[in-house]
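Counted from 1, the sequence shown has number 445 at position 134 by the working numbering; the numbering is strictly sequential.
None of these hints come from the bench; they were simulated from the model.
Quick caveat, the model's predicted, so the values are computed rather than measured.
Certain hints may be false.
[To be verified] Below, in silico cross-link-like pairs of lysine to any residue (SDA-like), each with a Cα-Cα straight-line distance of 25 Å or less:
| no. | residue 1 | residue 2 |
| --- | --- | --- |
| 1 | 414 | 321 |
| 2 | 502 | 442 |
| 3 | 566 | 645 |
| 4 | 510 | 323 |
| 5 | 384 | 368 |
| 6 | 566 | 642 |
| 7 | 371 | 327 |
| 8 | 411 | 357 |
[Said to hold, decoys possible] Each pair of labels, with its calculated beta carbon distance range:
| no. | residue 1 | residue 2 | range |
| --- | --- | --- | --- |
| 9 | 409 | 353 | 21 to 27 Å |
| 10 | 362 | 621 | 45 to 51 Å |
| 11 | 430 | 621 | 52 to 58 Å |
| 12 | 391 | 513 | 17 to 23 Å |
| 13 | 465 | 522 | 30 to 36 Å |
| 14 | 615 | 522 | 37 to 43 Å |
| 15 | 562 | 621 | 21 to 27 Å |
| 16 | 331 | 416 | 25 to 31 Å |
| 17 | 504 | 588 | 33 to 39 Å |
| 18 | 420 | 667 | 51 to 57 Å |
| 19 | 667 | 351 | 46 to 52 Å |
| 20 | 599 | 498 | 43 to 49 Å |
| 21 | 402 | 590 | 56 to 62 Å |
Using N, Cα and C, we set each Cβ at its ideal position, and we do this for glycine too.
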Amino acid sequence: MLILQADRDALLKPLQAVTGIVERRHTLPILSNVLLESTHGQTNILATDLEIQINTDGPKSETGDFRITTNAKKLQDILRALPEGAQVALDWAQNRLTLKAGKSRFALQTLPAEDFPLMSVGEEVSSAFSLTQEALKGMLSQVQYSMAVQDIRYYLNGLLMQTEGDQLRLVATDGHRLAYSAATIEADLPKAEVILPRKTVLELFKLLNQPNEQVSVELLNNQVRFRCNGTVIVSKVVDGKFPDFNRVIPLDNDKIFLLNRSHLLGALERAAILANEKFRGARLHLQPGLLSVVCSNNEQEEAREELEIAYQGGELEVGFNINYLMDVLRNVHAEDMQLAFGDANRSTLFTIPNNPNFKYIVMPMRI
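Please construct the entire structure, taking both the sequences and the accompanying hints into account.
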């Protein structure tokens, strides 16, 4: 039975939008599959890992209704390997899906669609707002690199989304550094906050590829839903209490100066070549008119970079994980950054001049 005919890209692009959450090895084999269904000529493609569910519009079908599941990664890899512009036909018979394109034929196993587990999505929306994809993607890029990775404090393996009035705030921390981004939105919302899982954040970031289009956000009971570009992401939220980020923002650091972001990033990237591979330490030496960056390693090799700065305060030497410094400079696209130091044991604050909507706090390390 012929179930779908389409251009290769018309099938590959929506498939790529959902397959990022599919685990190759799952305790439930059907979760390695993607659900393909068509109703009244509209094809829908859906994947889930039971924590996140993504579904998106596929190509139009003129061959009748169907519901099947087949291996997501294999189908994606086959389509990706076909030449651009190839016309693809899908046939389904006796639990096998046959994909034909030109002289190529691929027969894939299918599993019954009625066995595919769908997430139960809450009906009640407690808060809803929308903003441009460009705005949300910009905010995510300013904070997501600070999320923890597989931390025992599971609430750090994600990102705090907080709404209040017309304010949207995103915060991420791994316990060593914290990034904060805020924006004004056209809404009047009650105060609410959810912790988005790391996987959800990364998948959402990939989907925000049409800057001027809107993305809508809905907070449900223990879930959050995003809609954009004909795609819907529903995700569970992390159950836990995110740390009070306002308490870690240093307010009285008095050694303050401006620096060109790309100049500082270049100096750090060069110095990092000779940093200790395990500890990644860098010493920053601040003195009137000069900031020095020094990295050394176990082979007694050393790199030193010097940057002229408009600063006339006291001297200070402080150590950092150099990766934490480079992360913020690579992801925040301002021309200049303002750095505010306290003493060798106090966190340093990175901000954008004349922009209260971004803050990055990084703790020092002993070197």
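Below or equal to 25 Å on CA atoms is what counts here, so check residue 371 against residue 327.
Within the cut-off at roughly 17 Å; holds.
Taking 25 Å as the top limit, are the C-alpha atoms of residue 566 and residue 642 close enough?
Given that 25 Å is the threshold and the Cα spacing comes to 24 Å, the pair holds.
Hinted pair residue 384 and residue 368, Cα distance within 25 Å
This hinted pair holds, its Cα atoms lying about 18 Å apart.
Please test the hint of 25 to 31 Å on the beta carbon pair from residue 331 and residue 416.
Once the Cβ atoms are compared, 27 Å apart, the range 25 to 31 Å for residue 416 and residue 331 holds.
Indicate whether the distance between the beta carbons of residue 362 and residue 621 respects the range 45 to 51 Å.
holds (49 Å)
Has the hinted range 52 to 58 Å been met by the Cβ atoms of residue 430 and residue 621?
holds (54 Å)
Given the proposed pairing of residue 566 with residue 645, does the C-alpha separation stay at or below 25 Å?
Holds, because 21 Å separates the two Cα atoms, which is no more than 25 Å.
Given the range 43 to 49 Å, decide if the beta-carbon distance of residue 599 to residue 498 lies inside it.
holds (47 Å)
Measure nothing beyond the straight line between the CA atoms of residue 411 and residue 357; if it is 25 Å or shorter, mark the hint as holding.
Holds: residue 411 and residue 357 sit about 22 Å apart, inside 25 Å.
Using the Cβ atoms, figure out if residue 615 sits within 37 to 43 Å of residue 522.
Holds - the Cβ-Cβ distance for residue 615 and residue 522, about 41 Å, lies within 37 to 43 Å.
Distance restraint evaluation - residue 667, residue 351, Cβ atoms, bounds 46 to 52 Å:
Distance hint for residue 667, residue 351 holds at roughly 50 Å.
25 Å Cα cutoff - pair residue 414, residue 321
holds (20 Å)
Of the numbered hints listed earlier, not one is contradicted by the structure.
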